[in-house]
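Spelled out, the chains give:
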Amino acid sequence: SQKIEQNSEALNIQEGKTATLTCNYTNYSPAYLQWYRQDPGRGPVFLLLIRENEKEKRKERLKVTFDTTLKQSLFHITASQPADSATYLCALDMLDSGGGADGLTFGKGTHLIIQP
Amino acid sequence: GAVVSQHPSWVICKSGTSVKIECRSLDFQATTMFWYRQFPKQSLMLMATSNEGSKATYEQGVEKDKFLINHASLTLSTLTVTSAHPEDSSFYICSARAEGPDTQYFGPGTRLTVL
Chain B
908 SQKIEQNSEA LNIQEGKTAT LTCNYTNYSP AYLQWYRQDP GRGPVFLLLI
958 RENEKEKRKE RLKVTFDTTL KQSLFHITAS QPADSATYLC ALDMLDSGGG
1008 ADGLTFGKGT HLIIQP
Chain X
251 GAVVSQHPSW VICKSGTSVK IECRSLDFQA TTMFWYRQFP KQSLMLMATS
301 NEGSKATYEQ GVEKDKFLIN HASLTLSTLT VTSAHPEDSS FYICSARAEG
351 PDTQYFGPGT RLTVL
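These protein sequence lines map, in sequence, to chains B and X. If you count the first sequence from 1, position 100 lands on 1007 in my numbering, and the numbers rise without skipping. If you count the second sequence from 1, position 94 lands on 344 in my numbering, and the numbers rise without skipping.
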């Protein structure tokens, strides 16, 4: 079965530094990978999507890389701010060649804390 | 961006009662909506895929007779938890797909507590 691993321990970063979060997956070859932000008691908010044929995607202070050989995605927040503190979720599509279920499979998320 | 709402945002009910949760796409039509469940410190788990005008597709291990899904229009899907029990207490989140396989917008979630 598909398995997504994110560092479940909280990640503490000093304000202004770059935060790097990791998402590893096994037993699957996703067509795309997504990153979401989730605040306590709230639904996920879409941040970035990267496709299997893309190496890197950027959006303002956010950068995502996707290595399909390593089966890994890295999520970077540059010039981090306390307001960036949240849980960040990695999600893979569940599309398969047979056009099956097309919801998302989520990792448990990494809790990021940006300290002033 | 596209907005998805859920109602209610939280609900407390007695064991054995049924609870209905609504998911609405406010500014777009969604042919497909998804229902997820999230337990504390756990990942979101897909429960079912709801397609407008047809029966929902449930994930393995999710009881379709317990979690009734109705997608009567392109902007509304409902999830009814029938005969709710304390173990059904969770955070229920819906998402709606506007167009294409990769554009899902999530609702704010509904916190269900069954006493």
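It should be emphasised that the hints constitute simulated quantities derived from the structure, not laboratory data. Any given hint could turn out to be false.
Here are the simulated EDC-like pairs of lysine to aspartate or glutamate, each with C-alpha atoms no more than 20 Å apart in a straight line [claimed, not checked]:
id, chain 1, residue 1, chain 2, residue 2
1, X, 291, B, 974
2, B, 910, X, 309
3, B, 1015, B, 916
4, X, 291, B, 912
Does the structure keep residue 1015 of chain B and residue 916 of chain B at a Cα separation of 20 Å or less? holds (10 Å)
What's the verdict on residue 910 of chain B and residue 309 of chain X, does the C-alpha distance respect the 20 Å limit or exceed it? holds (16 Å)
Would the pair residue 291 of chain X and residue 912 of chain B pass a check requiring their Cα atoms to be no farther apart than 20 Å? holds (14 Å)
Compare the distance between the alpha carbons of residue 291 of chain X and residue 974 of chain B with 20 Å, and conclude whether the hinted pair is satisfied. violated (27 Å)
Hint 1 from the list above is the single one not met by this structure.
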